[in-house]
Amino acid sequence: MDIIGKKYFYFLISLIVIIPGLISLFLFGLNLSIDFTGGTLITVSVPKQATQKDANSVSSLLEKEGLKVSSTQTSNNLVMVRTETMDQKQDSKFVSDLFSVKGAKQEEFQSIGPTIGAETTTNAAAAVALASIFIVLYITWSFRKIPKPASSLRFGICAVIALIHDVLVVVGLFAIFGHFFGVEVDSLFVTALLTIIGFSVHDTIVVFDRIRENLKRVSGLSFEQVVNESILQTLDRSLNTSLTVVLVLFALLLFGGDSIRWFVVALLIGVISGTYSSIFNASPLLVLWQELSEKIKRDKNK
Amino acid sequence: MRKNPRILFWLIIALTIFAVLIDIPSVNGLSVGPIKQKINFDINNALRIAGINGQIAFRRGLDIEGGTSMTFRADMAGIPQGQRADALKSAKDTIERRINLFGVSEPIVQTSTLTTGESRIIVELPGVSDLNQARNIVGTTAQLSFWEEGATGSAKIASSSALPLGIAQVLKNPVKTNLTGNDIQQTSVTFDTNTGKPQVQLTFTADGTQKFADITKRNVNKIVAIVLDNVVVEAPNVQQAILSGSAVITGNFTTDTANQLSTELNAGALPVSLTLLQSQVVGPTLGLASLEKSLLAGILGLVIIIVFMSILYGRLGVLASFALFLYTLFVLAIFKLSSLTPYGITLTLSGIAGFILSIGMAVDANILIFERMKEEKRLGKPTQAAIEIGFSRAWTSIRDSNVSTLITSAVLYRFGTGAVRGFALVLAIGVLVSMFSAIIVTRTFLRVIYK
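Sequence lines, in order, name chains A and B.
Remember, this note's numbering sits 1 above the position in the first sequence when you count from 1.
Remember, this note's numbering sits 11 above the position in the second sequence when you count from 1.
Chain A with its partners taken away, still in its complex shape (with noise of 0.2 angstroms):
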């Protein structure tokens, strides 16, 4: 199987995956949870299946109060309702006058004043931007003693193209999701993005990995050849691992609940694209930088 040979094609794929999702996130951007931009989130459990008729009571309880509802949404038994920030004494008046609506109850109820969202907005930012600066410090220092003519920042900085590959794929992703099925990005969509991270990288080094141990080994052979030949030996591991990875995660998907299912999404599609960026992207990239520096070497001593 020659993948270096149809890298463009690969790198194609990528991109109809990743631009739909970047044009949603500049149209409509992320839908942002309260962990964002403050507000206050109600969680009302009724006695049967909740209905829109639950929620439009629930809301207009909240209303009455003068507090802006900016969404509503069901789900089993449980009607969940997001407004602005309200404080203890407004919610206390609304859990008595819950009553009117018969059998409903307080399930949870969670507010973020809107300094704490500002300052989760700018630790997500600072996370996922250390998280990747380390991770290239860390390869290129442990890829420090790869033969000639590699070198060990480009793999550095492949593994981490790859690494923004993933978070574009799940970003865009849920730009769309967010614009279209009303999916609220939160504090552990964040949380989701770093471990796709961790996932992506784990997965690339691997790939790494064996191009740099048959680097030392083998002579004889091109570049491309030798990387092409580690993708080969290393596919059925990085399919197996993914999988396992994958059925676990749709375990949880549909077992897990409603309060960790589009974390489980999120680390779903992660992991899938960190999978096929390890592959398709990582390496290829390797090899199209090679050939770019040795064409520019080439143009300069024409």
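Think of the hints as simulated: they come from the structure by calculation, not from any bench.
Just so you know, not all the hints are guaranteed correct.
Which stretches of chain A does chain B cover? Using the computed rule of at least three CB atoms under 8 angstroms from a CB of chain B, they are [said to hold, decoys possible]:
#1 16-28
#2 187-199
#3 223-232
#4 239-247
#5 277-287
Just so we're clear, the structure is a prediction, and the values are computed from it rather than from any experiment.
Even glycine gets a Cβ: it sits at the ideal position worked out from N, Cα and C.
We have chain A already, so just place chain B on it with the hints.
What follows is chain B alone, placed relative to chain A:
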């Protein structure tokens, strides 16, 4: 080690037995079929015999247990720079004391100071699902007051519920004086020069000095009760009028109780006003339902992996599944044991998700090794050599990939709060233990089998 895998083998068995003992829940009076004897088992008893105090238990997060969590900003504007740390600690102690009065089990009160200098107090109250109630326990600043004996029969006896707790035991006709916590400038712990016993030293403000002098003048040889948040903390006997503006409370103190009282009085003297930044209330039923779902998903995930590995790698897969099972036991034991340390791990829903994910990642090391062994066998190497080469060749990629996951979890831990931190900690522990189980445990088993 390489020559004798047996020692390592038995060591792993011993560790496993230890982990199982830690993991199994306490059993009380369970009767087993034909044996008519009751079985009692509680690992905490065994620990006590071993000289370790403290209870080990899984700490459940609020999203599972149900309860209230609140984050406050402590307003330090009115407090001099040098006293801010003390003020924050006093406020924390006050909140803890109030929560204890209230009978909330296993509350968590933490303080944190941001790089911007802003101070925060985070309060978690398991089992309290009324935000108002919770807010009232914590919300108001400490109230210190001094009570004296009123003239007999002169004042109408107030209804007992309005009086501070415990005052009836020390004063027949308690009357509140005009001296309050705002009149205290500072408190400290000193030691009696004669007896060497610890005592609490109070220094009043100028205003307070005058008030205190008046009170002590009219109460010589009588009791003045010191009341903090409606509870009598101390009822010293006034020996003489005190005009100097400083007083000592001698009591039957140990250094600890003296320190505690001093801190409590400071809490009254240094009121820090708190602003609620964030609050969350989770009803107990919702949490429990989520926990059940996560556990089911976890067990299912484990079963899926075991089946999958056994199909893919046959006998090796069964072995890896067994190592994975031990991995689960070890991690659970670490969770439980961590409750003995100040860094107790709290199991939250995201933490459980992290743990389940780490089971999936733990298998990866084994897959890497087994794939490598397959390759070596294909090249014609004998099984035993293939095992050794498989392990040594796979090591670099296992190391590098796991280090990158550890980097991610460290960053998450540094920047995250609450749920994110729990997830990061669980992921890091999972990665470390998985390296142990996939490499040492599996290799030892393989060596014992293929000897």
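These are the hints, each one checked on the structure:
{"no.": "1", "hint": "16-28", "verdict": "violated (count 0)"}
{"no.": "2", "hint": "187-199", "verdict": "holds (count 8)"}
{"no.": "3", "hint": "223-232", "verdict": "violated (count 0)"}
{"no.": "4", "hint": "239-247", "verdict": "holds (count 5)"}
{"no.": "5", "hint": "277-287", "verdict": "violated (count 0)"}
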